[in-house]
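Student: Chains as they are written, first to last, in the working numbering: chain Z, 33 to 169; chain L, 33 to 169; chain D, 683 to 788; chain Y, 683 to 788.
Heads up, some of the hints might be wrong.
[Said to hold, decoys possible] Simulated pairs of lysine-lysine, DSSO-like, Cα-Cα distance not exceeding 30 Å:
#1 D/K693 / D/K713
#2 L/K85 / Y/K715
#3 Z/K155 / L/K96
#4 D/K781 / Z/K44
#5 Y/K730 / Y/K752
#6 Z/K105 / L/K96
#7 L/K160 / Z/K44
#8 L/K44 / Y/K752
#9 D/K781 / Z/K85
#10 Z/K160 / Z/K85
#11 Y/K713 / L/K131
#12 D/K720 / Z/K44
#13 Z/K160 / D/K772
#14 L/K96 / Y/K772
#15 D/K703 / Z/K141
[Claimed, not checked] What follows is a list of derived Cβ distance ranges for each label pair:
#16 Z/I66 / L/D146: 50 to 60 Å
#17 L/Y164 / Z/Q98: 25 to 35 Å
#18 Z/I122 / D/K767: 23 to 33 Å
#19 Y/N692 / L/E103: 50 to 60 Å
#20 Y/N690 / D/K693: 52 to 62 Å
#21 L/E104 / Y/H775: 22 to 32 Å
#22 D/E788 / Z/K105: 22 to 32 Å
#23 Y/N712 / L/N152: 27 to 37 Å
Quick caveat, the hints were computed from the structure, so don't treat them as lab data.
In this text, all values refer to a predicted model and were calculated from it rather than measured experimentally.
The beta-carbon is built from N, C-alpha and C at its ideal position, and this holds for glycine as well.
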Amino acid sequence: MGDHFSISVPSKPEYVNVVRLTASAIACRMGFNIEQIEDIKVAIAEACTNAIKHGIKNREENFKIQFLVDEEKLEIDVEDEGHGFSCNEIEEPDLENPKEGGLGIFIIKSLMDDVQINSNIGKGTSIKMIKYLGDDL
Amino acid sequence: MGDHFSISVPSKPEYVNVVRLTASAIACRMGFNIEQIEDIKVAIAEACTNAIKHGIKNREENFKIQFLVDEEKLEIDVEDEGHGFSCNEIEEPDLENPKEGGLGIFIIKSLMDDVQINSNIGKGTSIKMIKYLGDDL
Amino acid sequence: MSIHIQTNYNKDENIWIVDIKGEIDIYTANKVKEDLNKMLDEQMADFKINCLELTYIDSTGLGVLIGILKRLKKEEKNINIVNPKPNISKLFHITGLDKIFVIEGE
Amino acid sequence: MSIHIQTNYNKDENIWIVDIKGEIDIYTANKVKEDLNKMLDEQMADFKINCLELTYIDSTGLGVLIGILKRLKKEEKNINIVNPKPNISKLFHITGLDKIFVIEGE
Ligand SMILES: Nc1ncnc2c1ncn2[C@@H]1O[C@H](COP(=O)(O)OP(=O)(O)O)[C@@H](O)[C@H]1O
Ligand SMILES: Nc1ncnc2c1ncn2[C@@H]1O[C@H](COP(=O)(O)OP(=O)(O)O)[C@@H](O)[C@H]1O
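For reference, chain Z alone in the conformation it holds in the complex (with noise of 0.2 Å):
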């Protein structure tokens, strides 16, 4: 059994860099190395950007982050109680027409060896997205 952190963050955009930071001492400790702390930093902060941008209700509530540490890999889930969507909304960027927004999603599943999201409407949404320690895949 691995060690478990969570943490409950207010959801307003000057708190993704602290979310970043706490993500990168994790990873750290943990042994990645630069480029890999890189990708996760990244990866965090897009789900937390989207969970402040689409998946809060109001301006008071809070979203959670679980980390989950073991010898072979970092679990990280971002959950926020929003509006949630339907998966298959998610459209692949499209380079001939290039959109200021709908990157996030795509980065997350570019950057980390694993994703899968569980997203209800009217509920709330949860990113789940593990990298493994060791040699990039």
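Given the coordinates of chain Z, assemble chains L, D and Y with the ligands onto it according to the supplied hints.
Tutor: Just chains L, D and Y with the ligands now, with coordinates in the frame of chain Z:
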């Protein structure tokens, strides 16, 4: 009403620096200066060290930290569900007879503006500490 | 705010030289967007963005750059991303944006 | 482990020169304690601890130093703390330990 963070941390020495980095990221975002941020890092680490050294009943437990952020101050509350102690056990450090231990709470009280310790034998301990923004008092 | 933008218009080459220091994320993106758009209101010109001291960017920041690029492309202008750190150029590559921005000094 | 200790025995002056880089806290204190005690087992001598790259210390680290100092004082030896950063010398001052350690280069 201010913002509220909470973290649940595994009771292990290797994670105290994760807490330190999280606290310093929050304090930095709030606008504390470098010296104040260092004070906050040391104070929260002392409280976490106590929770880990004295405040656990079994190795698998987590302890909890609350951060309350408002315009004028940061309040940090480190809580464990460990053995607890009787607060009048705390002695002032004696320089004629320096000891390896017994400096932690003294340091917290020196670095923070307001400190309250609540402990119940058999139930656990909470150390609440406040640092005000603006010039040191 | 952990972002610092310094701008300089080079009249001879009709180009904006922009130094961005710090992090572009959901917290700072609006300021970056406003600053860059204001420059275009003042003078329509190519952009050279010096990223030597840009330590972090994510989709929110890329979105801002894409928005500016779209405005520039209408006037057949472009954005040069100069000296991005490895973590930053990695994001341009995985998103394919390296094909629509000009990236130098990787 | 975010601590790195480099040691050097100066025979002429009978003094241990110790460079400590990193952080001394509950996680790293045991290693520091073991390393310093091993040095004293090998050779009883004054300590000069270079703190230029010591970024963090708290009561756990001070406790280790106090333990070593007690061993040294029995043989009338001492510890010099050299070039501590402001956050570190602050802790020596508020605890009064600046009166029992020799602190240089503040
Ligand atoms: N936490 C969330 N809550 C609700 N909807 C979300 C959440 N995360 C993502 N979405 C939905 O998925 C879409 C794609 O997300 P993303 O790829 O990050 O791009 P962007 O956020 O820029 O639109 C969003 O536009 C939104 O509709
Ligand atoms: N979280 C806690 N749970 C139980 N006892 C505690 C806790 N924090 C402090 N104490 C008690 O208070 C004493 C003084 O603490 P401190 O000043 O930090 O010094 P030290 O931990 O080095 O003994 C401890 O020795 C312990 O008996």
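Student: Give a verdict on every hint.
Tutor: Now for the hints, and whether the structure bears them out:
1. D/K693 / D/K713: Status holds; Cα separation ~25 Å.
2. L/K85 / Y/K715: The hint holds at about 17 Å.
3. Z/K155 / L/K96: Roughly 27 Å separates the two Cα atoms, so the pair holds.
4. D/K781 / Z/K44: Judged against 30 Å, a Cα distance of about 33 Å means the pair is violated.
5. Y/K730 / Y/K752: OK: Y/K730 and Y/K752 at ~15 Å, within 30 Å.
6. Z/K105 / L/K96: Distance of about 23 Å is within 30 Å: holds.
7. L/K160 / Z/K44: Between L/K160 and Z/K44 the Cα gap is close to 25 Å, so the pair holds against 30 Å.
8. L/K44 / Y/K752: holds (28 Å)
9. D/K781 / Z/K85: holds (28 Å)
10. Z/K160 / Z/K85: holds (18 Å)
11. Y/K713 / L/K131: holds (19 Å)
12. D/K720 / Z/K44: Holds. D/K720 to Z/K44 sits at ~26 Å (cutoff 30 Å).
13. Z/K160 / D/K772: holds (22 Å)
14. L/K96 / Y/K772: Holds. L/K96 to Y/K772 sits at ~28 Å (cutoff 30 Å).
15. D/K703 / Z/K141: holds (27 Å)
16. Z/I66 / L/D146: 50 to 60 Å: Cβ of Z/I66 to Cβ of L/D146: about 39 Å, so the range 50 to 60 Å is violated.
17. L/Y164 / Z/Q98: 25 to 35 Å: holds (32 Å)
18. Z/I122 / D/K767: 23 to 33 Å: With a Cβ separation near 28 Å, Z/I122 and D/K767 satisfy 23 to 33 Å, so the hint holds.
19. Y/N692 / L/E103: 50 to 60 Å: holds (54 Å)
20. Y/N690 / D/K693: 52 to 62 Å: Hint holds: Cβ distance 59 Å, inside 52 to 62 Å.
21. L/E104 / Y/H775: 22 to 32 Å: At 27 Å between Cβs, range holds.
22. D/E788 / Z/K105: 22 to 32 Å: holds (30 Å)
23. Y/N712 / L/N152: 27 to 37 Å: At 30 Å between Cβs, range holds.
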